[in-house]
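Based on the sequences and whatever the hints tell you, model everything.
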Amino acid sequence: MALSEQHAASAQGTISTQALPAKREIIHRHSLVVRLTHWINLLCLTLLLMSGLQIFNVHPQLYWGHYGYPGVPTVFSISGRYDPELARPVGTTRIGDYSFETTGVLGVTYGSEGQPLSGAFPEWATLGADLALARDWHFLMAWMFVINGTIYLLFGLFSGHFRRDLAPGSDQLRARHIASDIWNHLRLRRPRGEAAKRYNVLQKLTYLAVIFVLLPAILASGLTMSPAVTSVFPFLFDLFGGRQSARTIHFIAANLLLLFVLVHVVEVLLSGAFNLMRSMITGRYVIKPERTS
Amino acid sequence: MSRIITRRRLLTTGAAVAGTTLLAGCDRLAEALPTRPLLDFGQMLTYRAHRLLLAGQPLVREYAPEDISPDFPTNGTAMPSGLGYFDLITSNFANWRLQVDGLVQNKLSLSLDEIQQLPARTQITQHSCDEGWTAIGKWTGVPLPHLLQMAELQPEARFIVFHCLDEMTAGDFYYESIDLFDAFHPQTILAYGMNDAAIPIRHGAPLRLRVERQVGYKNAKFVTRVEAVDRLNPFGLGKGGYWPDRGYQWYAGL
Numbered sequence: 140m141a142l143s144e145q146h147a148a149s150a151q152g153t154i155s156t157q158a159l160p161a162k163r164e165i166i167h168r169h170s171l172v173v174r175l176t177h178w179i180n181l182l183c184l185t186l187l188l189m190s191g192l193q194i195f196n197v198h199p200q201l202y203w204g205h206y207g208y209p210g211v212p213t214v215f216s217i218s219g220r221y222d223p224e225l226a227r228p229v230g231t232t233r234i235g236d237y238s239f240e241t242t243g244v245l246g247v248t249y250g251s252e253g254q255p256l257s258g259a260f261p262e263w264a265t266l267g268a269d270l271a272l273a274r275d276w277h278f279l280m281a282w283m284f285v286i287n288g289t290i291y292l293l294f295g296l297f298s299g300h301f302r303r304d305l306a307p308g309s310d311q312l313r314a315r316h317i318a319s320d321i322w323n324h325l326r327l328r329r330p331r332g333e334a335a336k337r338y339n340v341l342q343k344l345t346y347l348a349v350i351f352v353l354l355p356a357i358l359a360s361g362l363t364m365s366p367a368v369t370s371v372f373p374f375l376f377d378l379f380g381g382r383q384s385a386r387t388i389h390f391i392a393a394n395l396l397l398l399f400v401l402v403h404v405v406e407v408l409l410s411g412a413f414n415l416m417r418s419m420i421t422g423r424y425v426i427k428p429e430r431t432s
Numbered sequence: 025m026s027r028i029i030t031r032r033r034l035l036t037t038g039a040a041v042a043g044t045t046l047l048a049g050c051d052r053l054a055e056a057l058p059t060r061p062l063l064d065f066g067q068m069l070t071y072r073a074h075r076l077l078l079a080g081q082p083l084v085r086e087y088a089p090e091d092i093s094p095d096f097p098t099n100g101t102a103m104p105s106g107l108g109y110f111d112l113i114t115s116n117f118a119n120w121r122l123q124v125d126g127l128v129q130n131k132l133s134l135s136l137d138e139i140q141q142l143p144a145r146t147q148i149t150q151h152s153c154d155e156g157w158t159a160i161g162k163w164t165g166v167p168l169p170h171l172l173q174m175a176e177l178q179p180e181a182r183f184i185v186f187h188c189l190d191e192m193t194a195g196d197f198y199y200e201s202i203d204l205f206d207a208f209h210p211q212t213i214l215a216y217g218m219n220d221a222a223i224p225i226r227h228g229a230p231l232r233l234r235v236e237r238q239v240g241y242k243n244a245k246f247v248t249r250v251e252a253v254d255r256l257n258p259f260g261l262g263k264g265g266y267w268p269d270r271g272y273q274w275y276a277g278l
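These protein sequence lines map, in sequence, to chains C and G. Heads up: the first sequence is residues 140 to 432, going by the numbering used here. Heads up: the second sequence is residues 25 to 278, going by the numbering used here.
None of these hints come from the bench; they were simulated from the model. The C-beta atom is built at its ideal place from N, Cα and C for all residues, glycine as well. Check before you lean on any hint, since a few could be wrong.
[Stated by the list, open to error] Chain C is faced by these chain G residues, among others (derived, beta-carbon under 7 Å): (1) Val84; (2) Leu132; (3) Gly271.
[To be verified] Listing some non-contacts, in silico: residues in chain G with all C-beta distances to chain C over 12 Å: (4) Phe96; (5) Thr101; (6) Phe117; (7) Gly126; (8) Gln150; (9) Ala159; (10) Pro179; (11) Gly195; (12) Phe208; (13) Ala221; (14) Ile225; (15) Leu256.
What follows is the structure, encoded as structure tokens:
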């Protein structure tokens, strides 16, 4: 903090202990349960995504409704073929009626020796050497995800974590506050001091959406693909509009989750990666002093 | 359409060459670590949880005739090889018989006509392949519980094995097995009719299993013998089915 700023602050009589230079405050940000379930969840979701991509690769077409098989119109598909005119393999991704070439990324990828490989998603992104193993991994990790998630939800409910940390404060829900928070995000400006002691409102709303909408939707749409589970809960068909729609929604939701993770990681990098990583490992989080400008 | 066993098909000039053994780093790691017991534990968890969840033996959703899908993909064997099956087709299965034996009080040997005289059940259900596609078809057949009651299971019987006519590789005939919980489910039938006609060859003529709460490969086609047993290890490679012997889940309710 510049000396002139300090003078200005003291002249206005607003100087506080928090505004003193080099004064850092260390808080206990994350409880042990939150930290443990966070990292277990990361492991589960990573392996779920990778094995899920391998399962998708076996039938890289998505449909809408109750049935779907080769020949039925797709809403999304990835394919690879050899194009005799271009004299090379071509990967094609199709969304609805719109298709574009994705050679090298989707449909046709290249192996370690540069050889072209067929397969919707590239080999490095998948887990499970065949469909049987991919399914084994997917379902094992699904169990771990459900057990871990249940522990987190029970803890969140009874420890006050949801109420205290995730529910937006009434002040945060004012339109003016939300607008300024969006503006701060766009300027890549991060809260300091008192404001940094709680999640900002965009963060809270995003976490709530992921925890209470996106992840349950992934789980429920996944269960809708099970002929055994749907015999007990047939309403799942009505909820998602059929087994194939559920499969499509499962895929879209997984992509949205991946998008969330990417934004989450970028935000961590922008907001003090070391401090945030430490807080999610040891719980200790350093509050930077407030700007007095 | 046969099951994809090889991980990747190598795209060469025009032709796809099967059998590349390239594995991603994660798969190498998974193979190097003793992950199999962990994966088996996951399977056991699913099996136990589903048995609890399905304890009330609910029926799977049955669809209306207008919901039947325009086509129904052929998976696995489209036409069993060998002269034996050829003879069966040419005689319109007149010489075909279903054997019901193993741990039963009354061994049965039934012709197709005799099976069609038994009480029948018709159901329009969704067939879900573990590969991800699904189709809806109308199946008519004899409820397996009825056949098993006719044969009277011995108390030691725990599983029902379905022996099939299609030879997958030399000496390896397709087979599948289910436990009594699934065998006595009201929608578990041995179907001879599909979409109001005789079941087509590509869908398992003259008789195929419908076990509606499990995925496609459990629904054995070309069934010729139903055997009640107390354990599964004497058959095939010991895992209770042609695909389970090749790494696929024996209990495949999802």
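Structure-based check of all given hints:
no., hint, verdict
1, Val84, "4 Å, holds"
2, Leu132, "29 Å, violated"
3, Gly271, "4 Å, holds"
4, Phe96, "8 Å, violated"
5, Thr101, "18 Å, holds"
6, Phe117, "28 Å, holds"
7, Gly126, "26 Å, holds"
8, Gln150, "6 Å, violated"
9, Ala159, "5 Å, violated"
10, Pro179, "27 Å, holds"
11, Gly195, "22 Å, holds"
12, Phe208, "15 Å, holds"
13, Ala221, "19 Å, holds"
14, Ile225, "19 Å, holds"
15, Leu256, "17 Å, holds"
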